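Participant: Here is how the chains run, residue by residue.
There are 2 protein chains.
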Amino acid sequence: MTLTVITYDVVMGRWQPDARGRLEKAAMTLYLERGFEQTTVAEIAELAGLTERTFFRHFSDKREVLFSGSSVLQERMVDAVRDAPPSVAPFDAIGLAVAAAGDMIGGAVERARLRQRVIDANDDLKERELIKMATLSGALAGALHERGVDEPSASLAAEAGIAIFRVAFERWVRGPGDVSLDELIDQSITALKSITQRAPS
Amino acid sequence: MTLTVITYDVVMGRWQPDARGRLEKAAMTLYLERGFEQTTVAEIAELAGLTERTFFRHFSDKREVLFSGSSVLQERMVDAVRDAPPSVAPFDAIGLAVAAAGDMIGGAVERARLRQRVIDANDDLKERELIKMATLSGALAGALHERGVDEPSASLAAEAGIAIFRVAFERWVRGPGDVSLDELIDQSITALKSITQRAPS
Chain A
1 MTLTVITYDV
11 VMGRWQPDAR
21 GRLEKAAMTL
31 YLERGFEQTT
41 VAEIAELAGL
51 TERTFFRHFS
61 DKREVLFSGS
71 SVLQERMVDA
81 VRDAPPSVAP
91 FDAIGLAVAA
101 AGDMIGGAVE
111 RARLRQRVID
121 ANDDLKEREL
131 IKMATLSGAL
141 AGALHERGVD
151 EPSASLAAEA
161 GIAIFRVAFE
171 RWVRGPGDVS
181 LDELIDQSIT
191 ALKSITQRAP
201 S
Chain B
1 MTLTVITYDV
11 VMGRWQPDAR
21 GRLEKAAMTL
31 YLERGFEQTT
41 VAEIAELAGL
51 TERTFFRHFS
61 DKREVLFSGS
71 SVLQERMVDA
81 VRDAPPSVAP
91 FDAIGLAVAA
101 AGDMIGGAVE
111 RARLRQRVID
121 ANDDLKEREL
131 IKMATLSGAL
141 AGALHERGVD
151 EPSASLAAEA
161 GIAIFRVAFE
171 RWVRGPGDVS
181 LDELIDQSIT
191 ALKSITQRAP
201 S
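Here the protein sequences come in this chain order: A and B.
Under the working numbering, the first sequence has 90 at position 90, and the numbering climbs by one with no breaks.
Under the working numbering, the second sequence has 135 at position 135, and the numbering climbs by one with no breaks.
Take the hints with a grain of salt, since some may be wrong.
To be verified - Straight line, CA to CA, 30 angstroms or less: simulated DSSO-like cross-link-like pairs of lysine-lysine:
| no. | chain 1 | residue 1 | chain 2 | residue 2 |
| --- | --- | --- | --- | --- |
| 1 | B | Lys193 | A | Lys193 |
| 2 | A | Lys193 | B | Lys62 |
| 3 | A | Lys62 | B | Lys132 |
| 4 | B | Lys62 | B | Lys126 |
What the hints assert, rightly or not - If you want the ones that stay clear, here's a sample from chain A, every Cβ over 10 angstroms from chain B, calculated:
| no. | residue |
| --- | --- |
| 5 | Glu46 |
| 6 | Glu64 |
| 7 | Gln187 |
What the hints contain is simulated information worked out from the structure, not anything from laboratory work.
All of these numbers come straight from a predicted model, not from anything done at the bench.
Beta carbons are placed, not taken as given, at the ideal position from N, Cα and C, and that holds for glycine.
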């Protein structure tokens, strides 16, 4: 168990010492040490020094530990589109949504990297992540429809936003860590604009 | 069995009467009538008037009947990027790839609709489709890297291409059928350019 304790200290210092945070830390540690499939809720609760009952007050199952953030992320991004003044163009509203995602996640690169390692190691989790992204894209398109944006522009702007976020996020979690997520998102937006504008109509 | 025979005649007339084509027809009919999960390879072979052995000469499993086209699609799209003259800009090379996909699929809207109905009815198949799209995006980005396109531009152009294809394909299979896939792809490309250009830098 010494390794586990060190893992906590070194890489998980950002997490809060509340019950939910302790459960997250314990789950991530076990998912990385033993694999996601091999870890039970009982083991997570034990390592966190809490009961299974407490676990289930915070998460519906062990997968939820990895994906509970996704619904909050979606809410923030959709709110950013809804809250943008009516004069803001669709692609700019999507840009605000992606920036909101960056603000929410960007402070915790080590946590994002650990989560990514858990997901990369398991095909079911990778599929789950793709589904969350597809759902998010649909929700963003819906928020643009509410602003009066038609098809196919709404879906394309939403998909472009997901592409910008995904590419920036990948570079952030897999890169050397010298560039912030915000900066990588800005680079992605600029790059996408430049690519589509260089092409003759 | 009368219904089954009628289904063949009316909607699947485009398929070839070879063994592979007959297996595809039989599989799709059963997936729609009984559900994908509830259908066995033995039943597919029986309805096609062929043996299970013949089925497995053409498909590795019953899911492969729905997804064997995806690898050919990926090959065509990657080839289109590779074959584009060096002077062609990244986004235009991706446009050629999406057009190649349109050429490959665009002639068989009824087949695409039936396949989509099977996939829409099953979460595992929806996940599989998302994974195929993610793999395709990675392959297109790789083909752009070979042309000397850097990150994040290569990944963003590839993701933009997938977005264009996905949005056009959705409108095609779910729409009234009065617009061709090629035309919907052109509309998607134009819409994406317009969206990203309207936004101030």
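Participant: Take the hints in turn and mark each one as holding or not.
Facilitator: Comparing the hints with the structure gives:
| no. | hint | verdict |
| --- | --- | --- |
| 1 | Lys193(B) <-> Lys193(A) | holds (8 angstroms) |
| 2 | Lys193(A) <-> Lys62(B) | violated (42 angstroms) |
| 3 | Lys62(A) <-> Lys132(B) | holds (26 angstroms) |
| 4 | Lys62(B) <-> Lys126(B) | holds (15 angstroms) |
| 5 | Glu46 | holds (32 angstroms) |
| 6 | Glu64 | holds (17 angstroms) |
| 7 | Gln187 | violated (6 angstroms) |
Checked against the numbered hints listed earlier, the structure breaks hints 2, 7; every other hint is satisfied.
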